[in-house]
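Undergrad: Spelled out from the first residue to the last, the chains are:
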Amino acid sequence: MKVIKMAARNVARQKRRALLLGGAVAVGALVMLLVDSLTNGMATGLRANVTAANAGVLYISGSQWQENGTALKRLEDEKIIKAALADAGLKVRQFVRKTGAEGTAVFGSKSTRLSIVGIPWLGASSALGNLQLSSGNLDGMKQDSGLVLPQSGADRLGVKVGESILVKATTVTGQLNVLDFTVAAVISDSGSGMFSAGYARIERVNELVNLARDESQQLNLYLGEGSNLDRAAQGIIAALRARGALVQDRASATINPMSAMRSGDGLPGMKFAFGNKRLDPWKGTKYTITTLDDVASEFMTPITTIKGIGYVVFLALLAICMVGVVNTFRMVLLERTREIGTMRAMGVRAREVERLFLAEAVMMTGGGALAGLAASFIIMPIVSLFHLANSGVFAMFLTEGHLLFKPSLSGTLTCVILVILSGSLAALFPARQAAALQPAVALRSIG
Amino acid sequence: MSRHSACFAIIALASLIVPPAISAQDASGTAAGAAPDFQKILSLIDERSIFPKVDFSAIVEIKTTDPEKGNSDERSASFRRDSLDAFLILTLVPATAKGQGMLLIADNLWKYDPMSRKFSHSSLKENYGGSTAKNSDFRGSSKAKDYKVSGSSSGTLGKFDCWILDLEATRADVTYPFMKIWVSKADSLMLKAEEYSLTKRVLRTSLFPSYTKLADKYIATRAIFIDGLVVGKRTEFIISDLSVRTLPDDMFTKTYLEKVNK
Numbered sequence: 001m002k003v004i005k006m007a008a009r010n011v012a013r014q015k016r017r018a019l020l021l022g023g024a025v026a027v028g029a030l031v032m033l034l035v036d037s038l039t040n041g042m043a044t045g046l047r048a049n050v051t052a053a054n055a056g057v058l059y060i061s062g063s064q065w066q067e068n069g070t071a072l073k074r075l076e077d078e079k080i081i082k083a084a085l086a087d088a089g090l091k092v093r094q095f096v097r098k099t100g101a102e103g104t105a106v107f108g109s110k111s112t113r114l115s116i117v118g119i120p121w122l123g124a125s126s127a128l129g130n131l132q133l134s135s136g137n138l139d140g141m142k143q144d145s146g147l148v149l150p151q152s153g154a155d156r157l158g159v160k161v162g163e164s165i166l167v168k169a170t171t172v173t174g175q176l177n178v179l180d181f182t183v184a185a186v187i188s189d190s191g192s193g194m195f196s197a198g199y200a201r202i203e204r205v206n207e208l209v210n211l212a213r214d215e216s217q218q219l220n221l222y223l224g225e226g227s228n229l230d231r232a233a234q235g236i237i238a239a240l241r242a243r244g245a246l247v248q249d250r251a252s253a254t255i256n257p258m259s260a261m262r263s264g265d266g267l268p269g270m271k272f273a274f275g276n277k278r279l280d281p282w283k284g285t286k287y288t289i290t291t292l293d294d295v296a297s298e299f300m301t302p303i304t305t306i307k308g309i310g311y312v313v314f315l316a317l318l319a320i321c322m323v324g325v326v327n328t329f330r331m332v333l334l335e336r337t338r339e340i341g342t343m344r345a346m347g348v349r350a351r352e353v354e355r356l357f358l359a360e361a362v363m364m365t366g367g368g369a370l371a372g373l374a375a376s377f378i379i380m381p382i383v384s385l386f387h388l389a390n391s392g393v394f395a396m397f398l399t400e401g402h403l404l405f406k407p408s409l410s411g412t413l414t415c416v417i418l419v420i421l422s423g424s425l426a427a428l429f430p431a432r433q434a435a436a437l438q439p440a441v442a443l444r445s446i447g
Numbered sequence: 001m002s003r004h005s006a007c008f009a010i011i012a013l014a015s016l017i018v019p020p021a022i023s024a025q026d027a028s029g030t031a032a033g034a035a036p037d038f039q040k041i042l043s044l045i046d047e048r049s050i051f052p053k054v055d056f057s058a059i060v061e062i063k064t065t066d067p068e069k070g071n072s073d074e075r076s077a078s079f080r081r082d083s084l085d086a087f088l089i090l091t092l093v094p095a096t097a098k099g100q101g102m103l104l105i106a107d108n109l110w111k112y113d114p115m116s117r118k119f120s121h122s123s124l125k126e127n128y129g130g131s132t133a134k135n136s137d138f139r140g141s142s143k144a145k146d147y148k149v150s151g152s153s154s155g156t157l158g159k160f161d162c163w164i165l166d167l168e169a170t171r172a173d174v175t176y177p178f179m180k181i182w183v184s185k186a187d188s189l190m191l192k193a194e195e196y197s198l199t200k201r202v203l204r205t206s207l208f209p210s211y212t213k214l215a216d217k218y219i220a221t222r223a224i225f226i227d228g229l230v231v232g233k234r235t236e237f238i239i240s241d242l243s244v245r246t247l248p249d250d251m252f253t254k255t256y257l258e259k260v261n262k
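So the protein sequences, as listed, match chains G and H. 1 is the number of the first residue of the first sequence in my numbering; add one for each residue after it. 1 is the number of the first residue of the second sequence in my numbering; add one for each residue after it.
If you're looking for bench data, these hints aren't it; they were derived computationally from the structure. Idealized CB from N, CA, C, for every residue including glycine. Accuracy of the hints is not assured; some may be wrong.
[Claimed, not checked] Example chain H residues on the side facing chain G (calculated, C-beta under 10 Å, incomplete):
no., residue
1, Glu61
2, Lys63
3, Ser123
4, Arg171
5, Thr175
6, Leu198
7, Asp227
8, Gly228
[To be verified] Quick look at which bits of chain G chain H covers, simulated, 3 or more residues with Cβ under 8 Å:
no., segment
9, 68-75
10, 172-186
11, 373-383
[Stated by the list, open to error] Derived Cβ-Cβ restraints for the label pairs, each shown as a range:
no., chain 1, residue 1, chain 2, residue 2, range
12, H, Lys118, G, Thr305, 22 to 32 Å
13, H, Glu68, G, Leu122, 30 to 40 Å
14, G, Asp144, H, Glu126, 45 to 55 Å
15, H, Ser240, G, Asp180, 33 to 43 Å
16, G, Gly69, H, Ser153, 32 to 42 Å
In isolation and in its complexed conformation, chain G is listed as follows (with noise of 0.2 Å):
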């Protein structure tokens, strides 16, 4: 305690000093915690983009082989899945029926690529949540037609709410058909093309590919808070097994999606077109089990990126900072050797006065970690309040259009722990040599 009151004091003695060195060691907490915080965020805003646009977070798609040696995506049996999930004893929240098809949507002489996802809509709701509307509203999803265009697909088209389209897609079988469509409402993208689909009722995009009304391609789950999703999967993989159906493994389900979709094999559970690629074949329905984060996955890399250039750039700042404190001690030692060989003379241990020094350090580097912290707490909510985008790749990252920060307890108690082991670190020279001195030494020295 007398240390640290003494310590204390000290530091205040140098106020000018302390300041410049807490401040250095403030910006580099600062600009970690803000990118731990940032990263965090960017991925929660990530996860429930993907989550709201793909009505779940785990989905169960069947595919049955063809004589052509394709395969035709439909979920024949739900009975069976329902089964095997009371079996995993998995909690879920809410079931989504969906069904999806890739085609080109044309108005007039323009057409663009479009993707529809057929989800059930009961009257103007469905599993979606709140969906950003920039034009239109839900009331057309009433009709058979409804269809929510993406802001992207309706600028191409130059179509605007109220106006039909046609599009044209592949059934389940690979054979062309198109219908009309009604523009309900236009959506803002919320990311790259993936994500921009359209939305209608499943039973009038069965009816485009070829299903029967009631029937559909893939199961999406929304499952209790806080469940963990790979071994949600794998339990479901057991149990389906279990009650003797084929179901791919896990591994080659999660495949980098892009490349999948690439090589024409289709991502298992998302792409819903006709496959290019010839299969080996199976009997009956094959299962897939695909997870939010399988494919989340793809687009965590600009967010592994960023974290690793804030770790880069924080472990520079702290080396800076490092150099500072040695430079700093090695100064108070310089100035302070005579009051060090007088507290030596007057009784004071040698483990006291390295004691002091690092007490020191702490303080000035504790304190500025706690000043970075108390400053990215202010900065944070300032620039989340900005809107910035509600398209484009970038939009995927964010929370309704804003940016989302998230601070997490071990990123900032990381951060803070660092600094002070890293100042500390940094003292230690400094201060062992100030224990060595020799009272009688100290005394005679000038300063």
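Since the structure of chain G is provided, determine the placement of chain H on it from the hints.
TA: Same frame as chain G, now just chain H:
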């Protein structure tokens, strides 16, 4: 000019262009007045477009009119070995696309990009580039295998008397579930086809205004594909330099495509 007017003008023009020198014969060999065996006519159409014993090569000029993207001209070399159901399409013009290739072997269709030197899977059902033509249009016809005749009537196309046949796909994976074709009564050449979706909407109208005889086969030297949905979009194939010379065996391999682009 509306799409239908343009169609009619082309058909009228085509009727003047088709060389009278094509020595056609009544395909079904039936007596005058009696309805022929239409399924046999389909088989004849297919038979005349396929070279089972020799290779086939030609230069294909592809002109696409797209109201959004503008006009484009491409020239490609087409090589076929129908005995193996293999073909190779090699782009010659424009220079920016030179060396791009499309290879069908063992039921797999590959696209080659010389810039990245990578092959990617494609499908016969997909459109060729940004055109209205399908990749399958480079193959011989397979109507007898893919369709059955569900209805027939008599009519004219320009100055040609035709059988108008309604076709229904025999399998669920045939690209166009329904078709209507105009076949000249005199020589059983297909002059026009309308291709329909499952909901019986016209997806494409194909016109074949001129043919040439090569060996005992008939090859359309001009084909026009008119998009049924996108107003103003069409693609024209002009086929020339037809030949049945034997092609090297390695031509229908991925290695050949890579070698040609070195």
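Undergrad: If I claimed the Cβ atoms of H:Lys118 and G:Thr305 lie 22 to 32 Å apart, would that claim hold in this structure?
TA: Distance hint for H:Lys118, G:Thr305 holds at roughly 25 Å.
Undergrad: A range of 30 to 40 Å was offered for this pair. Does it hold for the Cβ distance of H:Glu68 and G:Leu122?
TA: Since H:Glu68 and G:Leu122 have Cβ atoms about 38 Å apart, the given range 30 to 40 Å holds.
Undergrad: Classify the hint on H:Arg171 as holds or violated, based on whether any CB of chain G lies nearer than 10 Å to its CB.
TA: holds, 8 Å
Undergrad: Under the criterion of a CB-CB separation shorter than 10 Å, is H:Gly228 in contact with chain G as hinted?
TA: Interface hint status for H:Gly228: holds (9 Å vs cutoff 10 Å).
Undergrad: Closer than 10 Å between Cβ atoms is the bar; does H:Glu61 clear it against chain G? Give me holds or violated.
TA: Where the cut-off is 10 Å and the nearest Cβ of chain G is about 24 Å from H:Glu61, the hint is violated.
Undergrad: Holds or violated: H:Asp227 as interface residue toward chain G, Cβ cutoff 10 Å?
TA: holds, 9 Å
Undergrad: Is it true that H:Ser240 and G:Asp180 lie within 33 to 43 Å of each other by Cβ?
TA: holds, 40 Å
Undergrad: How about H:Leu198: closest beta carbon in chain G under 10 Å, or not?
TA: holds, 4 Å
Undergrad: Just to be careful: measuring from the Cβ of H:Lys63 to every Cβ in chain G, is the smallest value less than 10 Å?
TA: This interface hint is violated because 18 Å lies over the 10 Å limit.
Undergrad: Tell me if the beta carbons of G:Gly69 and H:Ser153 are separated by a distance inside 32 to 42 Å.
TA: holds, 37 Å
Undergrad: Count residues of the segment 68-75 of chain G with a Cβ under 8 Å from any Cβ of chain H, then say if the count reaches three.
TA: Holds, because 3 residues of the segment 68-75 of chain G bring their Cβ atoms closer than 8 Å to Cβ atoms of chain H.
Undergrad: For G:Asp144 and H:Glu126, compare the CB-CB distance with the range 45 to 55 Å and indicate the outcome.
TA: violated, 29 Å
The structure fails hints 1, 2, 11 and 14 (numbered hints given earlier, in ascending order).
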